[in-house]
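Going line by line, the protein sequences match chains A and B.
Sequential numbering from 1 applies to the first sequence in our numbering.
Sequential numbering from 1 applies to the second sequence in our numbering.
Hints listed in this document are in silico derivations from the structure and should not be mistaken for laboratory results.
Beta carbons: idealized from backbone N, C-alpha and C, even for Gly.
It cannot be assumed that every hint is accurate.
Each computed DSS-like pair below joins lysine-lysine, with the alpha-carbon atoms no more than 25 Å apart [stated by the list, open to error]:
1) B:Lys-129 <-> A:Lys-129
2) B:Lys-221 <-> A:Lys-129
3) A:Lys-221 <-> B:Lys-129
Ranges between beta-carbon positions, derived for each pair [unchecked claim]:
4) A:Arg-347 <-> B:Arg-169: 47 to 57 Å
5) A:Pro-54 <-> B:Ala-110: 22 to 32 Å
6) B:Asp-68 <-> A:Ala-201: 49 to 59 Å
7) A:Ala-278 <-> B:Asp-315: 16 to 26 Å
8) B:Asp-68 <-> A:Arg-316: 50 to 60 Å
Some, not all, of what chain A presents toward chain B, calculated at C-beta under 7 Å [claimed, not checked]:
9) Gly-57
10) Glu-95
11) Asn-246
12) Asp-273
13) Leu-275
14) Ala-296
15) Ala-301
Protein chains: 2
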Amino acid sequence: MAAWRRADSASIDRAIGGKSRRTPTREASVSRMRIADIRERSLAISRHGDPSLPSGGLTTSIVALVTDVVRSGARVIGYGFASIGRYAQGGLIRERFAPRLLAMSDLADASGNSLDPFCAARAMLAGEKPGGHGERCVAIGTLDMALWDAAAKIAGLPLYRFLAARLGRKVAEPPATLPVYAGGGYYYPRDDVARLADEIARLRDGGYTRVKIKIGSAPLKEDLRRIEAAQRRLDAPGCLAVDAMNAYGPEASRAAAEALAPLGLWWFEDVCDPLDFATLADTALRYEGPIAAGEALFSLAEAKLLDRHGGLRRDRDILLFDPVHCYGLPGYLQILEYLEGAGWPRRAFWPHGGHLFTLHVATALGLGGAEVNPLCFQPLAGLGDGETPRNGRATLPEAPGIGFETKAEAFALFRSLLE
Amino acid sequence: MAAWRRADSASIDRAIGGKSRRTPTREASVSRMRIADIRERSLAISRHGDPSLPSGGLTTSIVALVTDVVRSGARVIGYGFASIGRYAQGGLIRERFAPRLLAMSDLADASGNSLDPFCAARAMLAGEKPGGHGERCVAIGTLDMALWDAAAKIAGLPLYRFLAARLGRKVAEPPATLPVYAGGGYYYPRDDVARLADEIARLRDGGYTRVKIKIGSAPLKEDLRRIEAAQRRLDAPGCLAVDAMNAYGPEASRAAAEALAPLGLWWFEDVCDPLDFATLADTALRYEGPIAAGEALFSLAEAKLLDRHGGLRRDRDILLFDPVHCYGLPGYLQILEYLEGAGWPRRAFWPHGGHLFTLHVATALGLGGAEVNPLCFQPLAGLGDGETPRNGRATLPEAPGIGFETKAEAFALFRSLLE
Numbered sequence: 001m002a003a004w005r006r007a008d009s010a011s012i013d014r015a016i017g018g019k020s021r022r023t024p025t026r027e028a029s030v031s032r033m034r035i036a037d038i039r040e041r042s043l044a045i046s047r048h049g050d051p052s053l054p055s056g057g058l059t060t061s062i063v064a065l066v067t068d069v070v071r072s073g074a075r076v077i078g079y080g081f082a083s084i085g086r087y088a089q090g091g092l093i094r095e096r097f098a099p100r101l102l103a104m105s106d107l108a109d110a111s112g113n114s115l116d117p118f119c120a121a122r123a124m125l126a127g128e129k130p131g132g133h134g135e136r137c138v139a140i141g142t143l144d145m146a147l148w149d150a151a152a153k154i155a156g157l158p159l160y161r162f163l164a165a166r167l168g169r170k171v172a173e174p175p176a177t178l179p180v181y182a183g184g185g186y187y188y189p190r191d192d193v194a195r196l197a198d199e200i201a202r203l204r205d206g207g208y209t210r211v212k213i214k215i216g217s218a219p220l221k222e223d224l225r226r227i228e229a230a231q232r233r234l235d236a237p238g239c240l241a242v243d244a245m246n247a248y249g250p251e252a253s254r255a256a257a258e259a260l261a262p263l264g265l266w267w268f269e270d271v272c273d274p275l276d277f278a279t280l281a282d283t284a285l286r287y288e289g290p291i292a293a294g295e296a297l298f299s300l301a302e303a304k305l306l307d308r309h310g311g312l313r314r315d316r317d318i319l320l321f322d323p324v325h326c327y328g329l330p331g332y333l334q335i336l337e338y339l340e341g342a343g344w345p346r347r348a349f350w351p352h353g354g355h356l357f358t359l360h361v362a363t364a365l366g367l368g369g370a371e372v373n374p375l376c377f378q379p380l381a382g383l384g385d386g387e388t389p390r391n392g393r394a395t396l397p398e399a400p401g402i403g404f405e406t407k408a409e410a411f412a413l414f415r416s417l418l419e
Numbered sequence: 001m002a003a004w005r006r007a008d009s010a011s012i013d014r015a016i017g018g019k020s021r022r023t024p025t026r027e028a029s030v031s032r033m034r035i036a037d038i039r040e041r042s043l044a045i046s047r048h049g050d051p052s053l054p055s056g057g058l059t060t061s062i063v064a065l066v067t068d069v070v071r072s073g074a075r076v077i078g079y080g081f082a083s084i085g086r087y088a089q090g091g092l093i094r095e096r097f098a099p100r101l102l103a104m105s106d107l108a109d110a111s112g113n114s115l116d117p118f119c120a121a122r123a124m125l126a127g128e129k130p131g132g133h134g135e136r137c138v139a140i141g142t143l144d145m146a147l148w149d150a151a152a153k154i155a156g157l158p159l160y161r162f163l164a165a166r167l168g169r170k171v172a173e174p175p176a177t178l179p180v181y182a183g184g185g186y187y188y189p190r191d192d193v194a195r196l197a198d199e200i201a202r203l204r205d206g207g208y209t210r211v212k213i214k215i216g217s218a219p220l221k222e223d224l225r226r227i228e229a230a231q232r233r234l235d236a237p238g239c240l241a242v243d244a245m246n247a248y249g250p251e252a253s254r255a256a257a258e259a260l261a262p263l264g265l266w267w268f269e270d271v272c273d274p275l276d277f278a279t280l281a282d283t284a285l286r287y288e289g290p291i292a293a294g295e296a297l298f299s300l301a302e303a304k305l306l307d308r309h310g311g312l313r314r315d316r317d318i319l320l321f322d323p324v325h326c327y328g329l330p331g332y333l334q335i336l337e338y339l340e341g342a343g344w345p346r347r348a349f350w351p352h353g354g355h356l357f358t359l360h361v362a363t364a365l366g367l368g369g370a371e372v373n374p375l376c377f378q379p380l381a382g383l384g385d386g387e388t389p390r391n392g393r394a395t396l397p398e399a400p401g402i403g404f405e406t407k408a409e410a411f412a413l414f415r416s417l418l419e
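Using the sequences and the hints, build the whole thing.
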């Protein structure tokens, strides 16, 4: 039986609460492709540009997938990482998901021209049970990022062009650009407002016209001072978004909505617990400006609940699902296609993450734009070395794959996995 | 600062979507207690009594927590495992949760007489973000089981008595008994119906008057044959429950509800995807008999959604939350107390798991009863060696702690962690 039919699709659909994308049947095995080796490591990652500041012990996983496909005389290697904001997933990668990938005898797509990450996703999900959408979704997404990197490299295309072709979508001639904003604005342990203002000025000078900062971990009054300081450093109104990091309960949400309403924010993000749809819907009734949600939801099943019970408004609200955290791109596409079918415009999607992978995804899929983390979560987040946005848009690397090779420090980290 | 105040309770409440139980302040440090060492191992576990049958690659984690508390001349050691049905969590235990426990300089409770598992749960949850209730909840629950075992042993009490005292609840004089049913009835790869019938007869002969079997993975017609064969082996009507293992979509749920309605089942469990509350509510409108749900929900946040949107009926339906899978007993108590406050009777709770820990929990909390897995998931599940239920009730071990010491094979496994 061909490898890409081997995974039990029905049980996979059940595990992640939706339909997985079927791979067209290949007539004959043109050339088999396998993952020959998987390397991974957990590492500390800082939410601050200055990594000496305390950062809550955050970690991420980096992986290298060594394929058995040779291009330009060397085996093609895909790189990926666990995006940012949740934890490293080395245990689940080593114990459950890497072995399932390594056991696949053929991951070639229907054309035989590259790897098929959809087939790989089905293999990783085989035997997983419905529900429990945490951690494993990030582990799978980490490997999925590296699979897309490898697949695009095998095809000799930057990921956004490879992905668009794979999904039958058109993208403009290169160079490709995408609307972006700078994520950052975490609390500083000392001189918070002054240092925040410096950070925003630095981001603005680096070409970012829109910025997102954190609120919700200080009394509202202090957060209002942060917002005022940040807004003063930006050139135009309506360019600052705030992220409450799911901190507010029902009453605090009401107080915050009332206090933030007159400020003309770009959006108000992660108001309350990600599954507290009643409070979110209540906020949407009280807060006229755009609300953003979905960063801490990881599956189609949860996306459906958000849409059904969260009170969000298709004409203005923003959806932040992180393709890496949602069982990788195959899981993200399920969410996108379901919500688009339910009336959401693609411009509402601004994926969380702040790194090159989400830039490719947002470009190929025609989404609203993407976060960039230029200062924090280094060296993995941010644009290619020396790249800065112009007129609010970032230029994507045209190197084959995701283009981590255009980020010297990140690339050195990934390469160190192979030593 | 005292160790039990060190964890940031507000951020922990946010992580699991509710209020964590506060520990009374201790006046002075009577005697400090620490976890000195944590051992863990992943192992294969079979859903069949005959472990040579294929079992989907299921695994679980076993752990041993070595305390620095000496009783009868030896350090007290708590044992726990990851319950059954999800996967082993060795990676998360080693990478995130064991280090946080080992870093606590004092885990003594307010009286100074034993460990405080609530304090330990707060330590394990420190830094965890809201949402993403999968895997980590099981890792924490695994360690939590061992913490309760150790705490009850330090106090010299069987866990059900220790827990009841800790929560200010009364339990009857020993020996304690609890209503139980036998879980099992998985599909056999060959001679399914005949082997199922044999299994049910064996369970009945072993003293189980009520039994639960699996459906949902075969055509409905075949499942009806399984149900008929199982019912014929039981002594009384209304003693068979069926578990569809979240297999049905909206249409299949309707068809199943219609076909099962006349059969007089004890309950109809895990109808559809655990987060597909619309389908569950639709089923509850069509199926008059008891419906059971909650096994694949892992947090208070999800329990609230089930209660709000799942259409369940407080007068008859059954709640299956697994204390090990829901961030351990502290997380389970949040769910129990919230739902009790929302009008659910304690008799509606029949925790999933099928092992001694849930028997203690259900007894101490005055729940409806508990599952026992007498044949499958050995040697960890089931009652103490040689114990059989009488009149539908099982007798709890009176040994200090959970009483894994009364199960020779399980105890040998746990002890092997210390070699």
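Among the hints numbered above, which are violated by the structure, and what are their numbers in rising order?
No hint contradicted; all consistent.
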